[in-house]
Structure formats: structure tokens, C-alpha cells
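Given chain A's structure and the hints, the job is docking chain B onto it.
Spelled out, the chains give:
Protein chains: 2
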Amino acid sequence: MLKKNINIGIVGLGQIGGRLYKEILSKKNDIEIKTEKKVNIIAISAKNYKKRRSFKFSKKIFYKNPLDIAKNPHVDILFELIGHPNGISKKVVEIALKNKKHVITANKALMAKNGDYLSLVAEKNRVNLEFEAAVGGGIPILRTIKDGLATNKINKVVGILNGTCNYILSEMHSLKDSFRNVLKRAQSLGYAEISNPKFDLNGNDTLSKVRILSALAFNKKISTNKCLMDGIEDIELEDMAIADKLNFKIKLLGITEIINNKLFERVHPCLIKKDTYIANINGVMNAVILEGEPVGESVLQGEGAGPGPTSSALMSDLLSILRGNIKYPFGLPNNKRKRISSYDQKLYVNSFYLRIQVKDKHGVLSSITKTFTKNKISIKNLIQNPDKKNKKSNIIIITHENLEKNFINLLRSLKQNKFLLKKPTFIRIEKI
Amino acid sequence: MLKKNINIGIVGLGQIGGRLYKEILSKKNDIEIKTEKKVNIIAISAKNYKKRRSFKFSKKIFYKNPLDIAKNPHVDILFELIGHPNGISKKVVEIALKNKKHVITANKALMAKNGDYLSLVAEKNRVNLEFEAAVGGGIPILRTIKDGLATNKINKVVGILNGTCNYILSEMHSLKDSFRNVLKRAQSLGYAEISNPKFDLNGNDTLSKVRILSALAFNKKISTNKCLMDGIEDIELEDMAIADKLNFKIKLLGITEIINNKLFERVHPCLIKKDTYIANINGVMNAVILEGEPVGESVLQGEGAGPGPTSSALMSDLLSILRGNIKYPFGLPNNKRKRISSYDQKLYVNSFYLRIQVKDKHGVLSSITKTFTKNKISIKNLIQNPDKKNKKSNIIIITHENLEKNFINLLRSLKQNKFLLKKPTFIRIEKI
Chain A
9 MLKKNINIGI
19 VGLGQIGGRL
29 YKEILSKKND
39 IEIKTEKKVN
49 IIAISAKNYK
59 KRRSFKFSKK
69 IFYKNPLDIA
79 KNPHVDILFE
89 LIGHPNGISK
99 KVVEIALKNK
109 KHVITANKAL
119 MAKNGDYLSL
129 VAEKNRVNLE
139 FEAAVGGGIP
149 ILRTIKDGLA
159 TNKINKVVGI
169 LNGTCNYILS
179 EMHSLKDSFR
189 NVLKRAQSLG
199 YAEISNPKFD
209 LNGNDTLSKV
219 RILSALAFNK
229 KISTNKCLMD
239 GIEDIELEDM
249 AIADKLNFKI
259 KLLGITEIIN
269 NKLFERVHPC
279 LIKKDTYIAN
289 INGVMNAVIL
299 EGEPVGESVL
309 QGEGAGPGPT
319 SSALMSDLLS
329 ILRGNIKYPF
339 GLPNNKRKRI
349 SSYDQKLYVN
359 SFYLRIQVKD
369 KHGVLSSITK
379 TFTKNKISIK
389 NLIQNPDKKN
399 KKSNIIIITH
409 ENLEKNFINL
419 LRSLKQNKFL
429 LKKPTFIRIE
439 KI
Chain B
9 MLKKNINIGI
19 VGLGQIGGRL
29 YKEILSKKND
39 IEIKTEKKVN
49 IIAISAKNYK
59 KRRSFKFSKK
69 IFYKNPLDIA
79 KNPHVDILFE
89 LIGHPNGISK
99 KVVEIALKNK
109 KHVITANKAL
119 MAKNGDYLSL
129 VAEKNRVNLE
139 FEAAVGGGIP
149 ILRTIKDGLA
159 TNKINKVVGI
169 LNGTCNYILS
179 EMHSLKDSFR
189 NVLKRAQSLG
199 YAEISNPKFD
209 LNGNDTLSKV
219 RILSALAFNK
229 KISTNKCLMD
239 GIEDIELEDM
249 AIADKLNFKI
259 KLLGITEIIN
269 NKLFERVHPC
279 LIKKDTYIAN
289 INGVMNAVIL
299 EGEPVGESVL
309 QGEGAGPGPT
319 SSALMSDLLS
329 ILRGNIKYPF
339 GLPNNKRKRI
349 SSYDQKLYVN
359 SFYLRIQVKD
369 KHGVLSSITK
379 TFTKNKISIK
389 NLIQNPDKKN
399 KKSNIIIITH
409 ENLEKNFINL
419 LRSLKQNKFL
429 LKKPTFIRIE
439 KI
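Protein chains in written order, with my numbering: chain A, 9 to 440; chain B, 9 to 440.
Honestly, I wouldn't trust all of these hints.
Identical copies carry no separate label here, and so any pair may be met within one copy or between two of them.
[To be verified] As a list, the in silico DSS-like pairs of lysine-lysine whose alpha-carbon atoms are at most 30 Å apart:
| id | residue 1 | residue 2 |
| --- | --- | --- |
| 1 | Lys-281 | Lys-64 |
| 2 | Lys-228 | Lys-346 |
| 3 | Lys-388 | Lys-106 |
| 4 | Lys-423 | Lys-161 |
| 5 | Lys-67 | Lys-46 |
| 6 | Lys-282 | Lys-346 |
| 7 | Lys-282 | Lys-45 |
| 8 | Lys-228 | Lys-11 |
| 9 | Lys-431 | Lys-11 |
| 10 | Lys-12 | Lys-121 |
| 11 | Lys-121 | Lys-98 |
| 12 | Lys-55 | Lys-396 |
| 13 | Lys-378 | Lys-253 |
| 14 | Lys-439 | Lys-79 |
| 15 | Lys-12 | Lys-132 |
| 16 | Lys-346 | Lys-45 |
| 17 | Lys-11 | Lys-106 |
| 18 | Lys-11 | Lys-108 |
| 19 | Lys-426 | Lys-99 |
| 20 | Lys-12 | Lys-344 |
| 21 | Lys-282 | Lys-253 |
| 22 | Lys-413 | Lys-397 |
| 23 | Lys-184 | Lys-281 |
| 24 | Lys-346 | Lys-121 |
| 25 | Lys-388 | Lys-354 |
| 26 | Lys-378 | Lys-426 |
| 27 | Lys-426 | Lys-72 |
| 28 | Lys-281 | Lys-67 |
Hints listed in this document are in silico derivations from the structure and should not be mistaken for laboratory results.
Same shape as in the complex, but just chain A:
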């Protein structure tokens, strides 16, 4: 990066791309002061040229085919903001890297799936592949792990990593409103996708971020292990109310840790004591807690999504490249990052919250508790809420700690119980 004028291409001009475009133009001076480089956006590409946008651009810099930007010899740095896990996103990034362009992406799905391959391509071509915006929105968590906490031995990372889910759970809790209503509101506010919110709600989005965090925190290859992944779709207002009474909040957490040299990654809703730090991260905020040696516990918190925080992260990647910080995408050479095998999740020890909806009939309770005994799971608390009018009853159970394996068997047995009205809701209780 010895030359003074640096040319930028942006592929994808949605909410994020649009905000970035304006941000770069408005910060040109600031960028030049901090890096001694003049930046120019010389190529942009979007699905729809004619879409109404809050900014103008010259027709001359618009490319119909994003691959033409990836190959354009005048482009030095390319932003990939399309967001597919494979397909055109992968192609654009791959070709740009092979053409010795630095690439900046906000695409967690792409990085979680193809990050190892793409970082190798970047390494071979001696260019940067930066992806700060892929995890934690405005929180500079990847940079903190790679630089700020470099050489720390990190043992565990716990995070609220999906703003949509956290917004929904927070609103359900504070407004005592249903999942469905809050989801609708989240969609109208732009916090949740309208056509297909599933990727956020089922834990998949969080899992992509967890996989990226594991690779960085533990200096390993990105895991492709099968993972414990549950979403928040089954959580009902009733669970919120019960959790509240029991002094818990419900949060969707992404957790990754090394146990006996094995990697244990998981994403699931958790019951967490109300007075903990992580229980009080509300709305679209994200937070990450790291445990490292020698630093101790580090916490980072910030806005997790949206054009503002995301463009802050993209700009930090841009400045890193302009300052000439050529780095390995995952902090060390690809061949030094080893695979790590998966911790057997069946050995995970935890206690559980279960809400079991049954017919309000004689013998139900003994039938249910018998199933627990048969699966070697002992009950700590049991609350029965009969709904005589509708001839049904809610049995709420907090268990003692037990192996995940036994819980899986328990759930399987419960499903066969003749009194059961619907699939039980179960939430793991997390001690944080």
C-alpha cells in the first residue's frame, strides 16, 4: 500500500452498503489525516440499479456484474456486502483476493462456511481479508481478540450475539407481549427480516458468529462440528412470567469453550439469574464476555446491528488496511491453525427448566414424575398450574444438574406420554 490514491469498490448497496458509501464520502478528510491515503469509490454494484436510494452516484461507476469489480485492475479494496453464505458472495471475494485486492466483508455466514478457504487465498496473495462487521456489529470484538488481547490464552467466550433475538426476548419480558406480536414489531422497526426471519430466530445466525469467535479465540480452524443449537421460537409469554417469578431472565446465548482439549460450541436460550451482567443486556444490544489468561475477564458491549454500528466496523477494517496493517485474517498463518475435535455434548452437565402442558386428569402428575425417575433426573422444584376451564394443566419443573444425555432421553420419553398436549418447552439454566 505504498501509493497514495486508493480505489474502492462496493458490491451490494442495501442498507449497509448505502450507509457505508455515504460514510466513506463524508470521512475522506479524516481518513487522509489518519492514514495519508486518498480514497475514491470507483465502482459499485447492486441488484437493482433503479432502486430509490438516499444518495446519488454517477452512472459511470455502476457495474451490473459484481465480478467485473472483483476483476477490475483499478480497484484496490473491495467491500462484499451481498450477504450470501456461498454463491455470488463467495465468488466475488475469492476472485477479488486472487486479483490481489484487499477484501472487507460483513458476511458472517460466508466466513463461518468458507472462512478457512478464503483466508488461505488471502494469505497466498498477501492481501487482507477483514470481517470485523460479521460479529457483534459495532463491538470491535474480533480486533480485540487479534490485537488487544493477543497472546492471552482465552478459555471461554460467552455472548449475546443476535440483536433480533435479544430485542424480542427483552420486549416480551418488559411489555409482557407475545412472541408473535413482538416479532411483528421487530420486523416493522427493521430489526428482523420480513421475508425470512428464521435464520435469526433459530440460532443459526448466532452459531455462525460463535464459529468465527472460536476460530479466533482458540487459534483453530473454523469448526464444522455438529452443534447444540436451539432457537427462541418456542418460548412463550408464560415462560417469561414464570422465569421472572423464579428470579431469572431468558436470553439466547452463544457459548464456546475448550473442555479437555475439545471444542464445545453451543447456542440456546438460557435462564440466567436476573442480577448478572448478561441478564441486563437489553434490546438490540450485543455483549461478549471473554475469559483470558493473564487478562482475566473482559467484557465488551455495544449496538449489535444496523447500518450505523456495521459501518463503524467496516470503516475500522478499511483504516486498518490503509494504515498498512497486513495481517493474517485469523491472526496467524493458516497452517498453524489446527482442527479441533468436538466435545461430546451428551456429557454437558446442566440443570433444566421444563414446562409440560398436559390434560388435567387424575394420575397425570405421577405419570410425569415417574418418567423423570426412570431417566435418573431428580426434580428440584415443581409447580402445577391447573386450567380447570380448559381441562389442561401446566407442570413446571426445575431439575437438579444432570447429563445432557439423560435430558435428551427424558424429552424422548415425555413425548410418548399419553397426557401430553404439546411438545414440552425446555430451557437450560446457565450459571454465569
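Frame of chain A; chain B shown alone:
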């Protein structure tokens, strides 16, 4: 930094220096993997050669005069860990930079006083001057401002920046123990200096950190303005108990912000609502809250002091240099960092808590309230706690918002009140 073998000198082998020495030796492999450099500690210096230490070193690498390390042509990177604001610390850093060595320091007092000059020397000699460990211990806050949030327009930074003070205030609150007792415990645990804890307790240490944060966050020269600075020495257990009843906690905050293009830096104890994030940072933890555009609010929290967190920060500086990230110490060239004039603190609008110890005599209350009226300060709450036995009384007052100017006049008038038994305790109420 093209050569493979990098030689390190460490000046100062106290708790921090000792831990760093061991940390570098134990992480040599990790450093080589991440940076492709082999590091060797070839020179160390300490006041006392014979002091008992938890590690061994060869006599050959020991220098009596630290300036010989600063001048040693074989040393590439020098750590300054003596900790004086001027004198030998300044000399060692200056000479090392002039001899084209990169310098890493944990010395906030040095940076707050001489940071502008030393960063200019570094810039001229094209070497790095890194000081992550000077602020926030293990929290990579400086790196986050320079890199992670680069190009954000930061408007305000609020922090708990002194672990000693936060430990004392937390312990006074939770154990209902006196300032004096808790200070003794802090000293025995190594959280407070034994010979002279004043620099921590009177706010001076926090102010040094605030000055460094201002310069970085707002891209300005380090301010030498006269500052609003109060310490925690006057806070008594009684204030803790009253604050608790009023739903407040007492915290020592460092705050810097830009108001109407002027810089307003301040350090003082604050009453903060119990349910806020910052009120719940306890013990030796530090925390920093940044408000930036476009990122929104960012929070970083971590251990604020001690050899572990400090050596984590020092190591991150080392890796940054080894990776070849040659940067301006304050993120941009010295001549682009302008001076900024000081906000007139008399215009600061705030409400106050006051505890006024008076003789328990007829007419006291009307005499005190009259002084408030005369100074145009209106009272929101007033609590009177008479202590008949000792013929004294505590008058606790929460005021409405008013100008700092009027409070200063009020305090001056109160001191002349004939009923007064001692200087009133006053604490600003901070809305965060």
C-alpha cells in the same frame, strides 16, 4: 522490522516488569507463530539488583544505568516500567526513541504530562510509542479508539478508571466498613500503595487517564487545562448509607466530553442511580463507556490493574510492533492534533448531594436554608438527623439542578456559617 530476531530491553523490574519478563519468555513460541519474529530479552535494569524475585536472570543482561539500555544499539524495543511522570522515565523513553527504538510504556503520568512531546519524537524517528497499559489495565481501550472505532466521531467518554478507588467505594458500600479500614485492606492486598496512596485517592491518577483518553478520542493535543478534580478521601460511611437509602451508589468517575467545541474534563465522586450499568462495576474492575457516531454506545469492562491485566496490555503493544503496525502514537500526525480550549466549568449544570454537620441548636436549619436561598439554589429534599447526645445534627440536602458557579459560592458561604462543625461533604449527582 524486517529482521527476524528482535531484541528487547526492560527498564523497571517491579511487579509489572517481573510479570512481563516471565510472560515474554513463556509466550516466545506463540509470538513467533503470530508475528514470525523471534524475541529475546537482552537487557534489563532495576533499582535493586539483589531484590528477591520469582524469576532468575543472567547477570550479563543486567544494567545498572537504564540509560545504557536506551542507548544500546542492539536493543530494538524498550519497555519503560519505572513509572515516574518525569525524571528518569522521561529520559529513558526520549533517548530510546531518539536511538530509533520502539518504546512501550505503562506510565500514564508520563504520557499525560509528556505524551505530546514524546509522540513527536517517536514520529520524527519513525518508531512506535505504545501505551495501552497506561489506561484501563487489561481493557484494550486505547487500541479500540485508535483502530476498532477509527473514524467514529466520539462525543463523550465516561469511565471508572481507578481500581483502588472503585475497590474502596465498593467495599465501603457492601461491607459497611469505614474508608480507613477498607484502605488498609486495599493496601494489604496490594490494591493501594502503602507509602503514598494519595495519587490514587485524590483523583490525580484518574485525571491522567482522562487526559490521555481525551487526546485520543477527540484527536487533540493532551490538555493542560485546569480541571475539576475531587477525590474520595472525604466520603464517609454515613454518605454510603444515605446514598443507599436514596437508591444511589457512589462512584469515582472520570468524564471527558466536548461541549460547544470546548473540552470539559472532570474527575469527581458521583451519585449514580443503582440500576445503571456503571453503578454495578464493583471491586478493582474498570469500565469505559464511549458515545460515538455512527457506532452508538460502546462499553468495555475488565480488570483495571495488577500484573496480569497490565502485562496483557503490554504484550498487545509488543505484538502490534512485531506485526509491523507502525502508527502515530495518538492515531494521527502530531501537527494535525490541535489544542482545544477549556470549557468553563462554572457553567456546568448539575444537582448536588450535601451533608452538613452542624451544632444541634435552635435556628440552625433556617440559617442553613437561608444560605441556599441567598445563593439561588433550591432544595429538592432535606433530611435532618439530629444526634441529641453529642449535640450535633446532620443535615442532608439534595438540590435541584444549578450552575457549578452557584455551588462554589454556596460552599464558600456555608463555610462561614457559625453553626458548622466541619467542612460539608458534597457529591455531584450524575445522570448516566
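We went through each hint and held it up to the structure:
In the homo-oligomer, the alpha carbons of Lys-281 and Lys-64 never lie at most 30 Å apart, since the shortest distance is 50 Å inside one protomer and 46 Å across protomers. In this assembly of identical chains, Lys-228 and Lys-346 lie within 30 Å of each other by CA distance solely inside one copy; the values are 5 Å within and 44 Å between copies. In the homo-oligomer, the alpha carbons of Lys-388 and Lys-106 never lie at most 30 Å apart, since the shortest distance is 59 Å inside one protomer and 68 Å across protomers. For the identical chains of this complex, Lys-423 and Lys-161 are neighbours neither inside a copy (43 Å) nor across copies (55 Å), given an alpha-carbon limit of 30 Å.
Proximity of Lys-67 and Lys-46 under a CA criterion of 30 Å is satisfied intra-copy only: 22 Å inside one chain copy versus 52 Å between copies. For the identical chains of this complex, Lys-282 and Lys-346 are neighbours neither inside a copy (38 Å) nor across copies (46 Å), given an alpha-carbon limit of 30 Å. When the C-alpha separation of Lys-282 and Lys-45 is checked against a cutoff of 30 Å, the pair qualifies neither within a copy, at 49 Å, nor between copies, at 47 Å. Proximity of Lys-228 and Lys-11 under a CA criterion of 30 Å is satisfied inter-copy only: 27 Å between copies versus 35 Å inside one chain copy.
For the homomeric pair Lys-431 and Lys-11, neither the shortest alpha-carbon distance inside one copy (63 Å) nor that between copies (64 Å) is at most 30 Å. Within a single copy, Lys-12 and Lys-121 get their C-alpha atoms no closer than 35 Å, and across copies no closer than 34 Å, so neither meets the 30 Å cut-off. Proximity of Lys-121 to Lys-98 under the C-alpha cut-off of 30 Å is restricted to the intra-copy arrangement: shortest distance 10 Å within a copy versus 50 Å between copies. In this assembly of identical chains, Lys-55 and Lys-396 lie within 30 Å of each other by CA distance neither inside one copy nor across copies; the values are 56 Å within and 81 Å between.
In this assembly of identical chains, the alpha carbons of Lys-378 and Lys-253 lie at most 30 Å apart only when taken from the same copy (26 Å versus 49 Å across copies). For the identical chains of this complex, Lys-439 and Lys-79 are neighbours neither inside a copy (51 Å) nor across copies (53 Å), given an alpha-carbon limit of 30 Å. In this assembly of identical chains, Lys-12 and Lys-132 lie within 30 Å of each other by CA distance both inside one copy and across copies; the values are 24 Å within and 20 Å between. In this homomeric assembly, Lys-346 and Lys-45 come within 30 Å of each other (Cα to Cα) only across copies, at 20 Å, whereas the closest approach inside a single copy is 37 Å.
In the homo-oligomer, the alpha carbons of Lys-11 and Lys-106 lie at most 30 Å apart both inside one protomer (20 Å) and across protomers (28 Å), since each shortest distance falls under that limit. Taking the closest pair of Cα atoms, Lys-11 and Lys-108 come within 30 Å of each other both inside a single copy (15 Å) and across two copies (25 Å). For a Cα distance limit of 30 Å, the shortest separation of Lys-426 from Lys-99 qualifies neither inside one copy, at 52 Å, nor across copies, at 83 Å. Taking the shortest Cα distances, Lys-12 and Lys-344 sit within 30 Å of each other only across copies (18 Å), while inside one copy they are farther apart (34 Å).
Taking CA atoms no more than 30 Å apart as the test, Lys-282 paired with Lys-253 passes in both settings, with 10 Å inside one copy and 21 Å between copies. Within a single copy, Lys-413 and Lys-397 get their C-alpha atoms no closer than 37 Å, and across copies no closer than 68 Å, so neither meets the 30 Å cut-off. With identical chains, the CA atoms of Lys-184 and Lys-281 are at most 30 Å apart both within one copy (19 Å) and between copies (25 Å). Proximity of Lys-346 and Lys-121 under a CA criterion of 30 Å is satisfied intra-copy only: 16 Å inside one chain copy versus 46 Å between copies.
Taking the shortest alpha-carbon separations for Lys-388 and Lys-354, only the intra-copy value of 21 Å comes in at or below 30 Å, while the best inter-copy value is 60 Å. Proximity of Lys-378 and Lys-426 under a CA criterion of 30 Å is satisfied intra-copy only: 13 Å inside one chain copy versus 78 Å between copies. Proximity of Lys-426 and Lys-72 under a CA criterion of 30 Å is satisfied in neither setting, with 60 Å inside one chain copy and 84 Å between copies. Taking CA atoms no more than 30 Å apart as the test, Lys-281 paired with Lys-67 passes in neither setting, with 55 Å inside one copy and 54 Å between copies.
Checked against the numbered hints given earlier, the structure breaks hints 1, 3, 4, 6, 7, 9, 10, 12, 14, 19, 22, 27 and 28 and satisfies all the rest.
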